[in-house]
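In case you want the letters, here they are:
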Amino acid sequence: MTALLELAGITKRFGLVTVADGIDLSVGHGEALGIVGPNGAGKTTLFSMISGDLAPDDGEVRFDGAVVTSRDAAARCRLGLGRTYQVPRPFEDMTVFENVLVAARYGAGLPTRAGYELATSVLAETGLAAQANLRAGALTLLQRKRLEVARALGTRPRLLLLDEVAGGLTDPEVEELVAIVRALRGRGLAIVWIEHVVRALTSTVDRLVCLAGGSIIGDGTPAEVLASAAVREVYLGSDPEAAPAAPERTAPDLLGKLLR
Amino acid sequence: MTAAVTTAPATVRVRRSQRSTRVGAPLLGLAVLVLAFLPFVAYTTVTSTLVTFFILLIMATMWNLLAGFAGLVSVGQQAYVGLGAYAVLWMSDLGVQPFLGVFLAAVVCAVIAIPTSLLAFRLRGDYFAVGTWVIAEAYRLVVVRSDALGGGSGRSLTTLSELDQTLREAGTYWTALTMVVACVVGSYLLLRSRLGLALTAVRDNEVAARSVGVDVTRAKRIVYLVSAAGCGAAGGLLLVSTLNVRPDSVFSVQWSAYMIFIVVIGGIGHIEGALVGSVVFFALQQALADYGSWYLVLVGLVAIAAALWLRGGLWGALSRRTGIRLFPIGYRVDRPS
Ligand SMILES: Nc1ncnc2c1ncn2[C@@H]1O[C@H](COP(=O)(O)OP(=O)(O)OP(=O)(O)O)[C@@H](O)[C@H]1O
Ligand SMILES: [Mg+2]
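In order, the protein sequence lines correspond to chains A and B. Read left to right, the first sequence gives residues 1 to 260 (our numbering). Read left to right, the second sequence gives residues 261 to 597 (our numbering).
Bound-form chain A, shown alone (with noise of 0.2 angstroms):
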């Protein structure tokens, strides 16, 4: 069986930065996979190709068995890829119920009724049931990174994309995104979640994948990846006086706490 998810050989620059240096890396289906890595390791730029929102200089992306490279990030979607965005991009003038209403008559390519029932399920999924005629423009940051989760869902994607839907929330707030991503995994949904708070992570990926200078670092489960050498190395510096030696099982609450 193929992966759901392959890339080969993806590669960019931009100018004299190499963010992605040729990263091979592939998805099962219903896998979860966590990607972690300093700031600024190209997370969301991979993300990005992936989603089709910016080319790669060189490689190929494989979706399904179908090669997507060449594809813009609309027709991706209609594939079954479905992304969040770091920052989070409501329709701000539009309702929470319509930011996911296009989501599910596009995306998902729904008639009218279904679209509704989409619409609603999600929101009540994603614990927005009570905003869903609010503006999305008047939303807290907690509400609008669950939009962001939100609108992916609307899509119906085979495969969920998450950069970052924990990042600057309070830890109580951590704990419900968490939880409701814990539920989509449940149900069978692929997952690919970048994220700094890595306690948010451990509880919910089996694989996890560290990213730095444009190249897979660590790759395996999360408790190898925390452990590797190489990986403290990126988080801790290379001084051993500044990387005290750690017992290893505290090692993601450590990461945490550095990364936040």
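For the record, the hints were derived by calculation from the structure and aren't laboratory data. Glycine included, every Cβ here is placed at the ideal spot set by N, Cα and C. Among the hints, erroneous ones may be present.
Said to hold, decoys possible - In silico contact screen, one side only, chain B against chain A (beta carbon under 10 angstroms); selected entries:
no., residue
1, R273
2, R454
3, L457
4, A461
5, A468
6, R592
To be verified - Which chain B residues stay away from chain A? Per the calculated CB distances, all over 12 angstroms, these:
no., residue
7, L450
8, D464
9, G473
10, L570
What the hints assert, rightly or not - Some chain B residues well away from chain A (every beta-carbon gap over 12 angstroms; in silico):
no., residue
11, V274
12, R282
13, S308
14, F381
15, L401
16, R415
17, G431
18, A442
19, T477
20, A567
21, R581
Go by the hints and put chain B with the ligands onto chain A.
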């Protein structure tokens, strides 16, 4: 996906209209009916003044659609005003009745807009605005070089002069009224449709709209074609009502300036905005008719004031305060509580 469906309430009630619509729509319908009977009871000075008003309203409605909903800020819609006028002239030479010609001019302009959009859509933002102006100038130059169409000094429409004046004025009036209703109702239906949902999304955030599956360029192109058709009809009406056409005036950027003024004053992104703006603009134009182009200065100042202090223009302010909507295009969810 099954889990999502089961959490959905058994019946989702979504409302598109509201009370102000159910009161307002019949009133608007009645107004149109009254207007339709006007030529039987009113002097032709009244009807011909109204024709001028209708032409402005058509242009404003079309520009509002373009800029307010597709985010295409054009200052080159005079291209289609001019082409529409000349299309009617050209077709009348071929024996097409000019009133019918106005409708056909809309079609002609939509067709011309297809290749034009391929060029114009390569430009973004400010470049698009300036680019559309340049394109309009290019079309003017093409017309100026055509001797058959009267070249730089223009020509008169002779086929209508044979008609009895009262009949001609009434015909012009009805054609204009039909066109206004078609443009306003057409915009409304367009914006209420699935495409309207996409357009509002595109207006708010183009990148996000793409990410939820909206074919942004296609949506914009449709609006561009519709807007070209409407402006073409307006141009055709200009010719039919004045019986003569000069490239300099019909291709003048002044038309775009009017459209922008009206929509900014009335409320960009509201169908009602073009209506309210046209009334204000037209009233100022008539009231200050004796002061030359001073009215333009005043209208410009009003537009600047509206842009600075009145988000959503007059209509935007009114509907925010009162909740009134004559042309509701949104979706409201009724929640069983
Ligand atoms: N459009 C662009 N033009 C030029 N440089 C860019 C562009 N987009 C991103 N970059 C640069 O590419 C690098 C990677 O950016 P990216 O946003 O992918 O990082 P990230 O891993 O998502 O970081 P963060 O954790 O802060 O979100 C950064 O140095 C950024 O400044
Ligand atoms: Mg990022």
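**Request:** Please confirm whether F381 of chain B is truly not at the interface, meaning its C-beta sits more than 12 angstroms away from all C-beta atoms of chain A.
**Result:** holds, 14 angstroms
**Prompt:** Can we trust that T477 of chain B is non-interface, i.e. its beta-carbon lies farther than 12 angstroms from all of chain A?
**Reply:** violated, 9 angstroms
**G473 of chain B and chain A, when compared Cβ to Cβ, separated by more than 12 angstroms** = violated, 3 angstroms
**Request:** Taking the shortest Cβ-to-Cβ distance between L401 of chain B and chain A, state whether it exceeds 12 angstroms.
**Result:** Its Cβ never comes within 12 angstroms of chain A, the nearest being 36 angstroms, so this holds.
**Asked** For R581 of chain B, which was marked as not at the interface, is the minimum beta-carbon distance to chain A over 12 angstroms?
**Response** Given a closest Cβ separation of 15 angstroms, the condition holds.
**Request:** Would you check whether the claim that D464 of chain B is not at the interface survives, using Cβ distances to chain A and the 12 angstroms cut-off?
**Result:** violated, 4 angstroms
**Request:** Please settle this one: A442 of chain B was flagged as non-interface, so is its CB more than 12 angstroms from every CB on chain A?
**Result:** Check passes; 25 angstroms lies beyond 12 angstroms.
**Asked** With d taken as the least Cβ-Cβ distance between L450 of chain B and chain A, does d exceed 12 angstroms?
**Response** Since the minimum Cβ distance to chain A is about 15 angstroms, L450 of chain B lies beyond 12 angstroms and the statement holds.
**Asked** Per the stated criterion, does the least C-beta distance between L570 of chain B and chain A lie above 12 angstroms, as a non-interface residue requires?
**Response** The claim holds: L570 of chain B sits with its nearest Cβ about 16 angstroms from chain A, beyond 12 angstroms.
**Closest CB of chain A to the CB of V274 of chain B still more than 12 angstroms away** = About 5 angstroms separates V274 of chain B from the closest Cβ of chain A, which leaves it inside 12 angstroms; violated.
**Prompt:** Taking the closest pair, is the beta carbon of R282 of chain B still more than 12 angstroms from chain A?
**Reply:** Answer for R282 of chain B: holds, closest chain A Cβ roughly 19 angstroms.
**Request:** Would you check whether A461 of chain B satisfies its interface hint, that is, whether its CB is within less than 10 angstroms of any CB in chain A?
**Result:** With a closest approach of 5 angstroms, the A461 of chain B hint holds.
Comparing the model with each numbered hint stated earlier shows that hints 8, 9, 11, 19 do not hold.
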